[in-house]
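Here the sequence shown is numbered in the UniProt record's numbering, starting from 1 and rising by one per residue.
These are calculated hints, taken from the structure and not from any lab test.
Mimicking DSS-like on lysine-lysine, the simulated pairs with C-alpha atoms at most 27 Å apart in a straight line are:
| hint | residue 1 | residue 2 |
| --- | --- | --- |
| 1 | 82 | 16 |
| 2 | 127 | 93 |
| 3 | 180 | 137 |
| 4 | 196 | 93 |
| 5 | 158 | 297 |
Label pairs and their calculated CB-CB ranges:
| hint | residue 1 | residue 2 | range |
| --- | --- | --- | --- |
| 6 | 320 | 244 | 20 to 28 Å |
| 7 | 306 | 330 | 19 to 27 Å |
| 8 | 262 | 15 | 52 to 60 Å |
| 9 | 307 | 136 | 18 to 26 Å |
| 10 | 58 | 311 | 44 to 52 Å |
| 11 | 317 | 14 | 37 to 45 Å |
| 12 | 306 | 86 | 36 to 44 Å |
| 13 | 30 | 138 | 37 to 45 Å |
| 14 | 301 | 15 | 36 to 44 Å |
| 15 | 224 | 54 | 49 to 57 Å |
We treat Cβ as the ideally placed atom computed from N, Cα and C, and that holds for glycine.
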Amino acid sequence: MAAATKSESNVELDPKYDHYDFPTTSIESREGYSGHLNAAQQAQVHQLRMMLESEGFAGQLDTLTLLRFLRARKFDVAAAKKMLVESDQWRNKMTILEVDDKATRGQQRLLSLDDKPLENPPEQPIKLEEMVRTWDKDGSFKRNLSKYYTQFYHKTDKDGRPCYFEKLGGIKFSELKKEKFTNDKMVLNLAVEYEKMVDPRLPACSRQAGHLVETSCTVLDADGVSILNPGPIYSYVQQTSTMSNSNYPERLGKMYIINVSKWYWGIWKVVSAFLDPVTASKIHVLSSSDYKAELLKQIPAENLPAAFGGKCNCEGGCELSDAGPWQEDEWKRPAWWEKDPSEATIENKPAEIVTADAAAAAEGETKVAA
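Given only the sequences and the hints, what does the whole structure look like? Please build it.
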């Protein structure tokens, strides 16, 4: 991150793109977060937006999105631009490939058309922003999937983050295959869930918390994950992790991996040594004997499902309740994907590019003149 003089001002919002109806000052008080930018970082936001505008970029150009991609690339503007452009391409060229050939079985994954699998690309790419409007509107996919794979959002932690729960060890891959739940369809479903976390869940949580909430609190239950047959689960986790890291950066607030066996501890010690220290500090690996007490330090007992050591027992089960501020009239608002697409259309026009160094120099000149 480039060194620069600190600025006490909050993040500068752009009225063209920043139509937020929730708090925009982050609870994270470190530099680089909304409301806590220095002069160079603020200039880098402008620079990134102007570079993208000059190329006719039609993706997301709001300030909070640009900041997340900049943080993910240590405020390297060129690297953040590349990441954002590639993510936008992914959003518009998602493809489901269902491979039946025995020679290619197990290679099922979300692809882009550029991959040209088997030199026979699928007929029609999926645009995520269109899919999120129509995917599983009646909830039948989620209800059926939950019989074999438990994953759900449920209420908030003590910092106001939405809580996400997933039982990795309980995934019945053989049953999923019989029911035609391919990896691709499950990953597509997870991508839609990410979109719904971004809106309406995070905005509703921000309104309730009174500060910007950009991240989730994730609980992954590893009970039942076997070292003897790691293939299916690790392949799926690798696929979903790649998708989330590449396209939803800076969304992890806290992660608890619970019911971890001794063999996993050795793997974690090796893996954590290669992680960015900030990322590693967000991940807590816990055994079956100590996870409940740790979860309750972060998640109120009345919000934590009883199955994970809390006191919540939603009618019909926490897994399908989708309980949280995003369901409460006081905090919820229509999500972007619930509105008419024409309402969100913004014409991107080229603008003059101002570098971080130039902006910092200009700030210095202004102070001298004063």
